[in-house]
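Now for the letters of each chain:
There are 2 protein chains.
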Amino acid sequence: MVKKYGLEDVSKATVSRMATYLRCLTYLEQQGASTLSSRELASLTGVSAEQVRQDLSVFGRFGKRGTGYDVAHLKTEVEAIFGRGVERWKCCIVGVGSLGTALMSSRMVQKWGFRYVAAFDRDPRKIGTHVERIPVYSIDELKTIVRREHIAIGVIAVPASSARNVARILCEAGIRGILNFAPQSIKVPEKVPMLSVDLSQEFLKLSFYIQSAEQRAREEQIQIDAASHNE
Amino acid sequence: MVKKYGLEDVSKATVSRMATYLRCLTYLEQQGASTLSSRELASLTGVSAEQVRQDLSVFGRFGKRGTGYDVAHLKTEVEAIFGRGVERWKCCIVGVGSLGTALMSSRMVQKWGFRYVAAFDRDPRKIGTHVERIPVYSIDELKTIVRREHIAIGVIAVPASSARNVARILCEAGIRGILNFAPQSIKVPEKVPMLSVDLSQEFLKLSFYIQSAEQRAREEQIQIDAASHNE
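Protein sequence lines correspond, in order, to chains A and B.
Here the numbering used here is used: the first residue of the first sequence is -10, the next is one more, and so on.
Here the numbering used here is used: the first residue of the second sequence is -10, the next is one more, and so on.
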């Protein structure tokens, strides 16, 4: 693959869809699929075939007209776009509550090449223990350990009130990127990429889809009633 | 607001951005902002001003040319689009592990009008207890309780191996929508909207942005070096 793109030119929506394609390709490969069309990939991921072709074209030419994509090859190429195989990303988590524990126990995250090497908390009862086999340290040790272990990604899973302070410490420690799960807007230096994940947004979206589905069902019922009335 | 749209015509990406606008508007209202332009809303949410105008135009006319949007009014309208104020959505969670507990303790989800009224688990040590003040029942009681309490949303927070079975039971109980946090693809009847949330995707996206930022930094350094060489 020839890298013809500047990574900074790729839209957030494209990056998000590429991650979805990768998950889908991984699943298809496990199922033994060898080729697929952009139409099939589109249908499996809920976008249009044109969108699939457009997204992939940002990164190069992967398919042959008429024969579609080779699943294993496309998966390897998309993995490379996401830096998989390039490095195993060392992660740390700050905040060993229920969310932090849930995140550390995610096998999926490990499967994608991310590895937790340290957890941090303020609670003396947690410091010195292991959670999901990951050692829990005091937040006071964060800078030392992030530097010593060359930790790339810091995951913030503390309450909203502490999130900004934790982000500051992570940046001072030289972290390369941050995933923020705290419901708190955070500013970090522009050179440190940060993604904020707000799970409540998923509830909002679902409530929209429920209303949408129920409105459609009502409209269909009205048509059925009208049709039977006119018989 | 005149409902001129068929809800089923709205794209997933638009719904997702509308949820982000709503979060942003809520924050701005708390900060005391009274008006804002599409450009400002765009800048705060990381999309183009044209995209903001296009998304909002799907649902009606909210702004005046030149004066922009009234924050409180726009927030109320977007809330109505998401059914907020229309009803308080009753939720149940299946799986009271660390993820289930983390989800139940999210204040943000409650703030948006979602309320957990029941949790379900198979573990006899958990059944009969309360987690975050929510009663934990046996999964055997799920159908009875979902029907009796008119629970709208079922949240799946069980391991991948049990997720499909739980989804089937929820659908049989007449659940109106499902949020699936298990790393397992699930099929449900088309009339039951379901969103699957895969937290590992956020790690993938972040690794892309880290590489992107570091590539940009290297390129800038090369330009600086070349410039100083040419001096």
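Treat the hints as calculated values from the structure; they're not laboratory data.
Hints are supplied without guarantee of correctness; some may be wrong.
Copies of the same chain look alike in the list, so a pair counts if it works inside one copy or between any two.
[What the hints assert, rightly or not] Lysine-lysine pairs mimicking DSS-like chemistry, simulated, CA-CA at most 27 Å apart:
#: 1; residue 1: Lys115; residue 2: Lys64
#: 2; residue 1: Lys1; residue 2: Lys115
#: 3; residue 1: Lys115; residue 2: Lys180
#: 4; residue 1: Lys1; residue 2: Lys64
#: 5; residue 1: Lys176; residue 2: Lys64
#: 6; residue 1: Lys1; residue 2: Lys132
#: 7; residue 1: Lys132; residue 2: Lys64
#: 8; residue 1: Lys176; residue 2: Lys100
#: 9; residue 1: Lys79; residue 2: Lys176
#: 10; residue 1: Lys1; residue 2: Lys79
Against the structure, the hints come out as follows:
Neither within a single protomer nor between protomers do Lys115 and Lys64 lie at most 27 Å apart by alpha-carbon distance, with minima of 40 Å and 42 Å respectively. Taking the shortest Cα distances, Lys1 and Lys115 never come within 27 Å of each other, neither inside one copy (37 Å) nor across copies (41 Å). Taking identical chains as interchangeable, the C-alpha atoms of Lys115 and Lys180 are never at most 27 Å apart, the minima being 32 Å within one chain and 45 Å between chains. When the C-alpha separation of Lys1 and Lys64 is checked against a cutoff of 27 Å, the pair qualifies both within a copy, at 20 Å, and between copies, at 24 Å.
Proximity of Lys176 and Lys64 under a CA criterion of 27 Å is satisfied inter-copy only: 24 Å between copies versus 34 Å inside one chain copy. With identical chains, the CA atoms of Lys1 and Lys132 are never at most 27 Å apart, being 30 Å at best within one copy and 40 Å at best between copies. Taking identical chains as interchangeable, the C-alpha atoms of Lys132 and Lys64 are never at most 27 Å apart, the minima being 36 Å within one chain and 41 Å between chains. Only between protomers do Lys176 and Lys100 lie at most 27 Å apart by alpha-carbon distance; the minimum there is 23 Å, versus 30 Å within a single protomer.
Only within a single protomer do Lys79 and Lys176 lie at most 27 Å apart by alpha-carbon distance; the minimum there is 23 Å, versus 34 Å between protomers. Taking the shortest alpha-carbon separations for Lys1 and Lys79, only the intra-copy value of 23 Å comes in at or below 27 Å, while the best inter-copy value is 32 Å.
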